[in-house]
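Visitor: Sequence:
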Amino acid sequence: MFAAIEIGGTKLQLGLHCGETADGRWVPWHDFRRRDVDPDSAAEGIRSQIIEVLSDWQNDGIPIDAIGVGFGGPVNNGRVITSHQISGWDDFPLAAWLTETFDVATTDVANDCDTAALAEATHGVGQGSRTVFFVTVGTGVGGGLVIDGLVHGGQPAAGEIGHLRPGLLAATARETVESVSSGWGIANTARNRLRRGGAETDSERQILTRAGSIDAVDARLLAELAMSGNDVAREAIELGVRTLGWAIAQVVTLVSPNVVVLGGGVSLMNEALFLNPLRRAVEQYVFPPLKESYRLLPAALGEEVVVRGALTLAGQAGTRKSRHNV
1 MFAAIEIGGT KLQLGLHCGE TADGRWVPWH DFRRRDVDPD SAAEGIRSQI
51 IEVLSDWQND GIPIDAIGVG FGGPVNNGRV ITSHQISGWD DFPLAAWLTE
101 TFDVATTDVA NDCDTAALAE ATHGVGQGSR TVFFVTVGTG VGGGLVIDGL
151 VHGGQPAAGE IGHLRPGLLA ATARETVESV SSGWGIANTA RNRLRRGGAE
201 TDSERQILTR AGSIDAVDAR LLAELAMSGN DVAREAIELG VRTLGWAIAQ
251 VVTLVSPNVV VLGGGVSLMN EALFLNPLRR AVEQYVFPPL KESYRLLPAA
301 LGEEVVVRGA LTLAGQAGTR KSRHNV
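With our numbering applied, the sequence shown corresponds to residues 1 to 326, in that order.
Just to be clear, a hint being listed does not mean it is correct.
To be verified - Within a straight-line C-alpha distance of at most 25 Å, the following computed DMTMM-like cross-link-like pairs (lysine to aspartate or glutamate) qualify:
| hint | residue 1 | residue 2 |
| --- | --- | --- |
| 1 | Lys291 | Glu224 |
| 2 | Lys11 | Asp36 |
| 3 | Lys291 | Asp231 |
| 4 | Lys11 | Glu44 |
| 5 | Lys291 | Glu100 |
| 6 | Lys291 | Asp218 |
| 7 | Lys11 | Asp91 |
| 8 | Lys11 | Asp218 |
| 9 | Lys11 | Glu100 |
Unchecked claim - Label-pair distances were calculated between CB atoms; the ranges are:
| hint | residue 1 | residue 2 | range |
| --- | --- | --- | --- |
| 10 | Met227 | Glu303 | 38 to 44 Å |
| 11 | Phe287 | Thr10 | 38 to 44 Å |
| 12 | Asp60 | Gly88 | 26 to 32 Å |
| 13 | Thr21 | Asp231 | 44 to 50 Å |
| 14 | Ile81 | Ser228 | 38 to 44 Å |
Hints were generated in silico from the structure; no laboratory data involved.
Glycine residues also receive a C-beta, built at the ideal position from the N, C-alpha and C atoms.
Turn these sequences into a full structure, and let the hints steer you where they fit.
Guide: Right under this line is the structure:
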């Protein structure tokens, strides 16, 4: 059996699975647990929750051969670099701790975006494609590249499309794709417009009335108002979508993935607002000979995407360990 773990800023998901499929179809989890994360209990509280669940499985006589983890933050060689949401994770040897605590043969750890990319490439809309690039658009903008079923990147920060700087005028680390195209980036574009213009137009007044204050404006509200014709909301979303389309076009031009998978909360906006104009923007900016070489598709695996990728990590780690022992 393989244990798969997603460690996020607000949730912890743990699955137990045989690691096999039935004629290519997903086999249900042997067991699946979800826990809310208490930020006040920090990393130690999350580790206690992991111990509780995995010990339950082992005490029931279930052998765990390998563990895979998708972690909500940067990692390197099985070690957590930091978490931007939960304290106590800095420079923590997560893979070694899990391997030793549960006496398993091997553990593999990747950041949550790379893990989600692996899931969509092996179980989701990228299944059967050699090269898959995954983009998540939510609070931030992240990316992950999978080639031949393996996560690729020479450094932990590789593939982070959100940190591309869009154009020669983007001269500082603050001016990134993420600062324009993420949920908070879209909201910030509208907030800055309101700070400059006050409430001079009907669209500006509508946003302020609905939000209550400039600081309370968010992407969810802007998406709703844009669909009803609010110009300020629509322009903020259009800028975010166009910038993201430019960034994806650079990835397609350089890497030529067969499939680009789009996930994250912002990507769930109405297709007329987000997905359709994003496809047009990518087509506008991509190297013309590659226009027909890729598909841009919404993610398929929903809330389980990271933990499903962690399962694949565990299976791959177990296979490597078995080969090494032969």
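Visitor: Does each hint hold? Answer for all of them.
Guide: Comparing the hints with the structure gives:
no.: 1; hint: Lys291 - Glu224; in the structure: 31 Å, violated
no.: 2; hint: Lys11 - Asp36; in the structure: 5 Å, holds
no.: 3; hint: Lys291 - Asp231; in the structure: 30 Å, violated
no.: 4; hint: Lys11 - Glu44; in the structure: 14 Å, holds
no.: 5; hint: Lys291 - Glu100; in the structure: 49 Å, violated
no.: 6; hint: Lys291 - Asp218; in the structure: 33 Å, violated
no.: 7; hint: Lys11 - Asp91; in the structure: 21 Å, holds
no.: 8; hint: Lys11 - Asp218; in the structure: 22 Å, holds
no.: 9; hint: Lys11 - Glu100; in the structure: 24 Å, holds
no.: 10; hint: Met227 - Glu303: 38 to 44 Å; in the structure: 25 Å, violated
no.: 11; hint: Phe287 - Thr10: 38 to 44 Å; in the structure: 39 Å, holds
no.: 12; hint: Asp60 - Gly88: 26 to 32 Å; in the structure: 29 Å, holds
no.: 13; hint: Thr21 - Asp231: 44 to 50 Å; in the structure: 49 Å, holds
no.: 14; hint: Ile81 - Ser228: 38 to 44 Å; in the structure: 43 Å, holds
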